[in-house]
Amino acid sequence: MVTLVYIAFGVLTLSALLCLFRIAMGPTAPARTVAIDTLGTLLVGFCAMVALQDASDFYLNVAIAWALLSFIGSIALAKFLEGKGFDE
Amino acid sequence: MGRRIGTFVASFIVWCLLAYPWSEAGGWDWQSIIVGLGAAALVAVILSDALALRPAKFLNPVRWFWAAVYLPVFIYYCIVANLHVMYLVLHPDLPIKPGVVKVKTRLVSNAARTALANSITLTPGTLTVDVTDDGYLYVHWLVVESAEMKAATEKIVERFEGWLERIIE
Amino acid sequence: MNEVIGFIIIAVGLVFDLFGCIGLVRMPNVYTRLQAATKCVTLGTCSILFGVLCITGFGPTGVKALVCLVFVAITSPTAAHAIARGSHKFGIHVHKDAVTDKYAEEIDDPSVVSSGSNDQEEGETL
Numbered sequence: 003m004v005t006l007v008y009i010a011f012g013v014l015t016l017s018a019l020l021c022l023f024r025i026a027m028g029p030t031a032p033a034r035t036v037a038i039d040t041l042g043t044l045l046v047g048f049c050a051m052v053a054l055q056d057a058s059d060f061y062l063n064v065a066i067a068w069a070l071l072s073f074i075g076s077i078a079l080a081k082f083l084e085g086k087g088f089d090e
Numbered sequence: 029m030g031r032r033i034g035t036f037v038a039s040f041i042v043w044c045l046l047a048y049p050w051s052e053a054g055g056w057d058w059q060s061i062i063v064g065l066g067a068a069a070l071v072a073v074i075l076s077d078a079l080a081l082r083p084a085k086f087l088n089p090v091r092w093f094w095a096a097v098y099l100p101v102f103i104y105y106c107i108v109a110n111l112h113v114m115y116l117v118l119h120p121d122l123p124i125k126p127g128v129v130k131v132k133t134r135l136v137s138n139a140a141r142t143a144l145a146n147s148i149t150l151t152p153g154t155l156t157v158d159v160t161d162d163g164y165l166y167v168h169w170l171v172v173e174s175a176e177m178k179a180a181t182e183k184i185v186e187r188f189e190g191w192l193e194r195i196i197e
Numbered sequence: 484m485n486e487v488i489g490f491i492i493i494a495v496g497l498v499f500d501l502f503g504c505i506g507l508v509r510m511p512n513v514y515t516r517l518q519a520a521t522k523c524v525t526l527g528t529c530s531i532l533f534g535v536l537c538i539t540g541f542g543p544t545g546v547k548a549l550v551c552l553v554f555v556a557i558t559s560p561t562a563a564h565a566i567a568r569g570s571h572k573f574g575i576h577v578h579k580d581a582v583t584d585k586y587a588e589e590i591d592d593p594s595v596v597s598s599g600s601n602d603q604e605e606g607e608t609l
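Protein chains in written order, with my numbering: chain E, 3 to 90; chain R, 29 to 197; chain B, 484 to 609.
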């Protein structure tokens, strides 16, 4: 079981590195925004795997808060791309 | 008033799920229950306009039955969408033919349109870009099969419309 | 037994996550990337959370994983279509050989579309 969890960490880290590649290379601001949004959702999965390894529910609280915060961040970035103020 | 009560009950249920388990060593965990009641009341007072407009819909068991039937259908379409994207990504030539098409929906309420847009986003090859007030959706299609509005509506919208009409409308 | 089923579901989710991120790197422009990334990463993360629920059962961890699954399943497509709308308003063209772009024809200010930056990397097949 421990080995499988470590394999999961490896695959998730690889995915996160691909996202970071797109954030670094992405030619325009929307391309970077897409990668940031994807990275936020990936980290929720990462938190879930850490919770499984620790056998405690603490990291799932982190995952829930992270899911909501990354959603709000993505919406704010999208509004910024649209060229509107944040209060509309 | 019904809207406030509905919001209160919904937020208290979410709180209870977050604060699970509710009892320690035989007794109820009164601390978290009281804080949860306070927080749910605060949400109900401040945000009752933003959430469900007609909470009585949630009490209808027929809607829950159709939602339970719709869930496996939706998961099936999700998995098909993922296999489709995996095929496109692994294909050396990237056989994509993207475009934005316009489709029409007959759903009226905001909640039903949101559910339709989210369903379209998670299913094969389509992504909702915008929804207008008079019932048109602009959908980005990864492999466009027909640019005409009627044919596109048949292919994209109609596989969900009937279900969502029974569940949320 | 539940543990075996849970790990199988987690493995499927990991494969979907990985292919979503490969799609994020390989696809040619913003909208196609958004499609690949959103679909695959959402279902992948939901599968991981569901696998955690299968392994731990309905304890504190499992119930929180279920709540988190519902949050991710609702918020991720919504954020995706906010970003799609934002980048269309930003002025990204759909594709260099797009079949049709009804949105640009009917909604956008034509000057924005014609003067907007093009996100096309010519011949990119990474």
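Rather than coming from a laboratory, the hints here were simulated on the basis of the structure.
Heads up, some of the hints might be wrong.
To be verified - Here's a subset of chain E near chain B, in silico, CB distances under 7 Å, partners left out:
| no. | residue |
| --- | --- |
| 1 | Ile38 |
| 2 | Thr40 |
| 3 | Thr43 |
| 4 | Ile66 |
| 5 | Ala67 |
| 6 | Ile77 |
Claimed, not checked - Result set (BS3-like, lysine-lysine): computed pairs, CA atoms no more than 25 Å apart in a straight line:
| no. | chain 1 | residue 1 | chain 2 | residue 2 |
| --- | --- | --- | --- | --- |
| 7 | R | Lys183 | B | Lys585 |
| 8 | R | Lys183 | R | Lys132 |
| 9 | B | Lys585 | E | Lys81 |
| 10 | R | Lys85 | R | Lys125 |
| 11 | B | Lys585 | R | Lys85 |
| 12 | B | Lys585 | R | Lys132 |
| 13 | R | Lys85 | R | Lys178 |
| 14 | R | Lys178 | R | Lys125 |
| 15 | B | Lys585 | R | Lys125 |
Ideal Cβ placement from N, Cα and C applies to all residues, glycine included.
Q. So which hints don't hold here, by number, going up?
A. 1, 5, 10, 11 and 13
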